[in-house]
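Chains as they are written, first to last, in the numbering used here: chain V, 1 to 421; chain Z, 1 to 421; chain A, 1 to 421; chain X, 1 to 421.
No lab work stands behind these hints: they were computed from the structure.
Keep in mind that a hint or two might mislead.
Since the list gives no way to pick one copy over another, a pair counts as held whenever it fits inside one copy or between any two copies.
The calculated lysine to aspartate or glutamate pairs, modelled on EDC-like cross-linking and capped at a C-alpha distance of 20 Å, are [what the hints assert, rightly or not]:
| id | residue 1 | residue 2 |
| --- | --- | --- |
| 1 | K319 | D402 |
| 2 | K368 | D197 |
| 3 | K33 | D22 |
| 4 | K319 | E204 |
| 5 | K418 | E73 |
| 6 | K319 | E163 |
| 7 | K275 | E31 |
| 8 | K319 | E29 |
| 9 | K275 | E201 |
| 10 | K276 | E219 |
| 11 | K169 | D150 |
There are 4 protein chains.
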Amino acid sequence: MSFEISEELIERHNRRLKPALDRGWAGFERELKRRGTNPQRLFLAARPFVVAVPSWGLAAGGTRFGRFPFPGEPRHLYEKLDDAATLHRLTRQNPTVSLHIPWDQTGNPAALRAYARQLGLSFDAMNSNTFQDQPGQKLSYKFGSLCHTDPAVRGQAVAHNLEVIEIGKKLGSRALSIWIGDGGNYPGQVHFRRAFDRYLESLEQIYAGLPRGWRLYLEHKPYEPAFYFTVNADWGASYLAASALGPKALCLVDLGHHLPGTNVEAVVARLIRQKKLGGFHFNDAQYGDDDLSAGSINPYRLFLVMNELQDAAQDPAVKNFHPAFLLDQSMNLKDPIEDLIQSTEALFRAFSKALLVNRPALHRCQEKNDPVMAEQILKQAFETDVTPLVQRVRFSNGGAIDPLALFRQSGYRPAKIKERG
Amino acid sequence: MSFEISEELIERHNRRLKPALDRGWAGFERELKRRGTNPQRLFLAARPFVVAVPSWGLAAGGTRFGRFPFPGEPRHLYEKLDDAATLHRLTRQNPTVSLHIPWDQTGNPAALRAYARQLGLSFDAMNSNTFQDQPGQKLSYKFGSLCHTDPAVRGQAVAHNLEVIEIGKKLGSRALSIWIGDGGNYPGQVHFRRAFDRYLESLEQIYAGLPRGWRLYLEHKPYEPAFYFTVNADWGASYLAASALGPKALCLVDLGHHLPGTNVEAVVARLIRQKKLGGFHFNDAQYGDDDLSAGSINPYRLFLVMNELQDAAQDPAVKNFHPAFLLDQSMNLKDPIEDLIQSTEALFRAFSKALLVNRPALHRCQEKNDPVMAEQILKQAFETDVTPLVQRVRFSNGGAIDPLALFRQSGYRPAKIKERG
Amino acid sequence: MSFEISEELIERHNRRLKPALDRGWAGFERELKRRGTNPQRLFLAARPFVVAVPSWGLAAGGTRFGRFPFPGEPRHLYEKLDDAATLHRLTRQNPTVSLHIPWDQTGNPAALRAYARQLGLSFDAMNSNTFQDQPGQKLSYKFGSLCHTDPAVRGQAVAHNLEVIEIGKKLGSRALSIWIGDGGNYPGQVHFRRAFDRYLESLEQIYAGLPRGWRLYLEHKPYEPAFYFTVNADWGASYLAASALGPKALCLVDLGHHLPGTNVEAVVARLIRQKKLGGFHFNDAQYGDDDLSAGSINPYRLFLVMNELQDAAQDPAVKNFHPAFLLDQSMNLKDPIEDLIQSTEALFRAFSKALLVNRPALHRCQEKNDPVMAEQILKQAFETDVTPLVQRVRFSNGGAIDPLALFRQSGYRPAKIKERG
Amino acid sequence: MSFEISEELIERHNRRLKPALDRGWAGFERELKRRGTNPQRLFLAARPFVVAVPSWGLAAGGTRFGRFPFPGEPRHLYEKLDDAATLHRLTRQNPTVSLHIPWDQTGNPAALRAYARQLGLSFDAMNSNTFQDQPGQKLSYKFGSLCHTDPAVRGQAVAHNLEVIEIGKKLGSRALSIWIGDGGNYPGQVHFRRAFDRYLESLEQIYAGLPRGWRLYLEHKPYEPAFYFTVNADWGASYLAASALGPKALCLVDLGHHLPGTNVEAVVARLIRQKKLGGFHFNDAQYGDDDLSAGSINPYRLFLVMNELQDAAQDPAVKNFHPAFLLDQSMNLKDPIEDLIQSTEALFRAFSKALLVNRPALHRCQEKNDPVMAEQILKQAFETDVTPLVQRVRFSNGGAIDPLALFRQSGYRPAKIKERG
């Protein structure tokens with residue numbers, strides 16, 4: 001990549017903002033101590049937070065009514081990695097990229113991996129795509145892929161997933177995420193029970209091809225692109241499938257993939273209890289799968305999800321708990337890098353606030369049925385302004401204290417407009 | 001009961017309407033033959049249809065904003081049985097009554113059973129109640145029952161369920177339905193995972209007390225009376241519980257207990273596939289758990305649910321498939337007997353239309369992904385006016401050809417107003 | 001167009017099915033007379049029913065996850081008109097086509113109009129498009145069109161609408177439908193009140209350009225493509241705008257453009273009462289704006305909408321009541337011609353059943369608060385199998401008795417695959 | 001009232017917490033100055049904030065499945081006023097009480113008013129009740145009240161409202177809030193257009209009886225207690241009615257009275273634009289009209305509503321803008337006084353944060369379509385921990401720095417349990 005946000009630029013930026021951060025942190029520290037919280041322990045607990053970014057989230061997304069491209073958009077995967085590296089340089093919280101095959105033309109995986117490594121990036125979960133037809137594809141997914149009535153179509157879809165695993169192995173990935181659109185638009189179109197049988201049968205073949213150390217994430221969604229019936233429509237169906245497959249198969253929760261009113265944090269807790277929570281696609285929504293920036297519509301819900309994760313992380317009875325985090329959003333109007341900076345920060349704020357929850361006190365309130373004080377405990381954590389913590393972690397990790405401001409000042413996008421045309 | 005709708009009255013009514021019914025049936029028979037359907041076979045398949053009525057559905061229901069009682073309402077369980085017997089005399093499709101303890105004061109069960117038998121009625125599934133406090137109750141269910149943090153409250157709730165089983169045994173019932181309101185109104189109030197642990201632990205004690213030949217039905221509901229979190233909120237949670245318990249535990253689907261947009265017929269199919277569909281609480285809804293008359297808002301959805309049941313019933317791979325049917329509605333504005341006549345007929349229409357579906361042809365369309373013709377097959381069945389079949393079955397079973405009209409003409413309710421005050 | 005479904009083919013088809021239709025009609029006639037309904041009057045009332053088809057509904061639609069084209073799809077507007085003509089030849093209920101500019105490249109409007117006339121078609125309402133950017137467009141609609149903060153963008157959008165009117169005038173259209181996606185994805189992005197001010201200001205300029213005898217339809221939608229705020233989000237906003245403009249501005253109701261639970265028929269009644277109901281975009285939905293075939297998910301709702309229209313049509317107090325009908329659906333999986341045949345029939349069934357409602361009796365039940373009998377009256381009409389009426393009207397209009405079957409047998413699509421490649 | 005939370009107790013409590021508050025405020029002041037905000041001006045702008053409490057919110061609420069009373073609950077209106085006074089003594093932000101007739105037996109209004117005045121309270125908007133039948137009531141509201149088909153029932157409902165105005169005049173109230181449940185449960189039951197005609201006709205009679213200086217608030221709600229159709233179902237219907245009546249009639253927005261997904265803050269903005277926003281019933285909801293504590297489910301939404309109000313309050317083009325605030329919640333599980341302390345604080349936090357919004361900068365971002373920075377401005381305000389401001393305002397008004405803690409320590413409820421039994 002030609003134009004870069006240099007380390008030096010970041011240092012200069014930080015030098016300017018550091019005094020204010022120090023003052024902010026001092027106040028924050030005092031406040032935490034007043035509450036009996038150890039600030040340094042909080043800092044250490046918060047510091048490792050990271051979240052993956054999706055390659056498809058680095059260019060403009062769109063709706064069925066169109067897509068508004070923007071100048072300076074990356075034109076191919078290498079340029080997307082450039083942008084991801086820029087993001088990570090600013091935040092130090094986005095070290096991995098999740099690819100989507102065949103949207104991402106990986107070409108020579110070894111070269112790609114080397115390029116990423118040089119940028120300080122590595123590869124997160126791989127995503128297969130059998131919800132669209134690709135030019136030259138032999139059989140169509142119009143009426144389904146892993147659940148299609150025709151074994152040849154299912155076979156093609158299984159083979160694609162196995163191929164994605166192969167690419168992933170070469171890239172150093174350790175997981176495959178499967179989201180399918182299989183379902184139907186009209187009553188009568190699909191035989192519900194048989195479609196699920198076929199789903200399991202296809203998944204078993206993919207599961208059998210999982211390399212040692214890999215995980216398989218199954219992602220449910222109630223509707224869209226199918227508007228009447230969806231095979232993996234809810235956590236219950238996803239759980240049935242993951243259980244049938246074995247311990248490497250886990251459920252993936254996309255925050256926007258639920259019907260109106262769903263208590264998503266309770267869904268998360270159910271999957272944790274069943275040892276089947278694999279990870280998250282983070283975003284926010286007002287209506288359906290709106291794919292808005294994480295925390296942009298209901299930041300308290302995001303906090304409550306993080307609260308469940310902390311509850312599990314601190315529960316000795318919950319073993320091997322390492323849910324994967326990915327920002328899966330549609331950048332329809334915002335510059336993707338800016339959106340990802342905002343969203344990473346929103347997640348990190350929610351994560352930090354969940355660390356602030358006085359968990360023993362909360363459990364006592366729960367045991368004695370004191371909803372007022374239980375809520376106060378959550379609200380006190382949520383209402384805390386964690387800006388000093390957020391900035392200090394970023395700074396100490398080598399990122400920018402105010403990455404959004406620095407990104408704008410840096411002239412990165414204008415430079416890319418020139419470079420990329 | 002003093003005033004009754006006599007057999008003689010029904011006969012007179014039927015005599016008057018029989019010629020029109022015969023003409024209607026003749027036309028219906030011709031139409032079926034034209035389509036290649038055997039009318040007599042259809043008649044025989046439809047004839048055994050029955051649906052239970054709930055004791056609580058024989059008096060006026062209400063909302064949290066009040067209840068409008070109506071004159072001539074039954075004052076106690078014996079009068080409710082009188083009304084249920086009247087209903088059954090008219091429809092011949094409501095031979096069983098489902099009780100709700102302690103709403104129903106059963107007093108001497110043997111006497112009650114004898115009274116019911118004399119009216120031609122018997123007892124369906126028993127319903128326990130741990131979502132309300134009763135006068136004189138030792139511990140409150142304000143903060144839960146089977147899932148309460150206090151083992152003493154859980155013990156009380158378990159004991160109540162075991163007592164309901166005892167009553168049920170004496171009444172000849174064979175099933176216990178459990179719906180609990182356990183959950184919470186505020187984030188933080190309830191620890192999601194532990195609440196489910198306690199739910200299972202309590203259910204295990206009840207399950208252990210199930211007599212031979214009994215079934216345990218678990219009913220899920222997304223919200224109300226708890227408005228933030230509900231322990232058994234969806235089919236997935238219900239399935240987890242029923243699976244943990246054993247083969248006698250099954251899931252009960254109330255059509256109104258789903259979030260907006262839920263494809264209920266697909267939920268039904270999932271539970272069938274998992275061998276965990278126990279039965280139904282039928283009603284209809286526009287918004288939430290509105291408890292309106294079955295088929296009053298979306299009769300096509302009711303048909304699609306029945307279509308799944310017929311699909312399973314005709315599938316040799318589905319064994320021991322005998323889902324229980326109960327009309328669970330809230331009679332806020334209609335005379336309950338009239339509502340139950342309407343609702344029984346709406347169910348029976350949907351059931352009959354599901355029998356009309358050309359299932360082999362439907363399966364062929366599904367296999368070859370022909371949504372247009374698959375839909376046509378369902379629509380042809382749904383658009384058929386099954387009035388002649390509905391009336392002929394009722395007539396041949398000894399009921400009234402037009403039970404609603406006869407009920408109004410009979411003067412039953414005015415007589416009850418005098419008797420009951 | 002080369003291959004056509006000839007009059008002769010239709011006649012042969014009808015000759016074969018006529019005897020069965022006659023038998024069906026005779027039975028239907030008997031049944032109506034039994035109920036006191038005049039079959040001939042019903043036939044005459046039903047006969048004029050027509051519904052427009054959208055040019056964009058003649059090719060495959062899609063979702064944001066892709067579009068599955070199908071072989072034999074029309075490649076341009078003239079081929080779309082060929083398909084529309086084929087549809088109309090079969091149904092005789094789709095004489096008009098609604099264009100969408102600039103999706104439809106009208107080229108020489110006079111030639112286009114002549115071509116359509118020769119096919120027996122004319123042009124319905126014109127649709128403008130300011131929710132997408134077109135190649136070569138000067139200013140982008142990414143952040144709005146008629147409501148954009150930049151007056152130059154608003155001016156461009158207004159000019160486009162005026163240009164669409166000009167094209168429409170040449171084509172013989174008499175109405176302009178405006179649907180905009182203007183709104184925002186994030187809190188803070190748009191100033192709600194000012195955006196509405198700008199909407200009105202732009203509409204006023206378009207309204208001023210309406211030719212004599214034209215109508216302006218404003219279409220509301222709660223969300224998509226904007227996922228947080230939409231300027232014309234509901235009937236209330238649409239009504240405010242239509243009232244501010246004047247008598248030629250009316251509201252257009254798309255059945256899928258409402259939040260979950262909305263009682264759409266009540267919305268229709270409100271707009272009728274305010275003299276502002278202009279017309280409909282018909283389709284059906286389970287979740288959001290799913291754009292499924294009309295009547296495919298909830299045919300009773302469709303009937304209830306038609307019931308409101310008949311109630312108004314038969315009410316002497318409602319003047320100048322001529323709502324426009326358009327099928328606005330997304331043909332993602334079905335052959336569009338087949339979908340439109342199904343949807344036209346679903347609409348016509350609902351329309352016919354609404355004619356069957358015993359309106360004086362219904363009004364009496366409403367006056368005396370008898371919900372049971374009011375519902376029986378609606379249900380009796382809805383449960384009537386109007387197939388004989390539907391077929392007889394089509395036959396007497398010169399269409400096919402079973403247009404779907406004939407379309408399949410005709411080999412139309414295979415011929416088009418050859419012709420269109 | 002016997003046991004009271006004395007001024008002295010509050011002073012002692014404050015003395016203990018004052019040093020920490022001072023430290024907190026100093027930090028808050030520094031932070032505001034850093035941002036260029038004048039802390040004293042903010043303090044003065046926040047200080048007048050008040051919100052009314054409903055008499056019915058001082059006792060336990062319930063659902064249709066029951067009500068869990070709690071010990072120490074007020075037994076009548078005078079005890080409710082005692083509790084309201086206690087609340088206000090702690091918060092100094094709840095000086096007014098809203099009555100509900102006939103739930104509240106006002107007896108001798110002059111004596112009541114004197115009692116309230118002595119407690120430092122006065123009376124907010126009056127609420128009439130025609131959605132329930134009262135013992136001894138002549139005609140039933142089962143099938144409606146202001147919209148009933150029978151003019152005698154409408155007359156009774158109008159007379160009740162006029163009587164409520166009379167009581168209100170004696171109590172010093174200045175507004176009447178009307179919420180009716182009128183509507184229907186089943187298609188066909190109600191004639192939509194005529195029901196609205198009758199609604200307007202009845203409202204006109206009430207409007208004519210409004211004393212000088214009074215306001216009439218019309219409250220919409222999509223469903224419950226009517227589950228199919230509601231006469232005043234949405235802001236559009238409410239606006240039509242308020243417009244038809246005249247300038248004293250305004251719309252009242254209950255945050256929970258909207259369909260899933262509704263952008264409530266945009267509804268608020270629309271009503272402001274139309275000069276018809278009268279006030280609010282504050283509460284929060286996850287599903288339907290859940291009546292949970294304000295800000296307990298989505299505090300960001302509450303902030304966004306307050307943001308619209310501040311936008312209007314600071315807009316010179318918006319005249320006479322004094323929306324009324326009432327906490328309308330159902331205290332099913334929490335002690336009502338604790339709930340009201342929490343809810344008042346949640347509202348005040350949202351109000352304070354809305355004051356913090358850099359409005360000129362926000363408007364600039366809106367004008368130039370910069371959603372990223374517009375969101376940042378809102379988020380910066382929302383993420384600010386306003387605890388020091390909240391506490392300082394309360395303290396300076398004479399309330400308790402931590403009213404919830406003090407309430408618990410005070411032994412108020414235990415004392416009331418003894419007094420009230």
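Against the earlier hints, flag every one the structure doesn't satisfy and list their numbers going up. Of the numbered hints, 1, 4, 6, 7, 8 and 11 do not hold.
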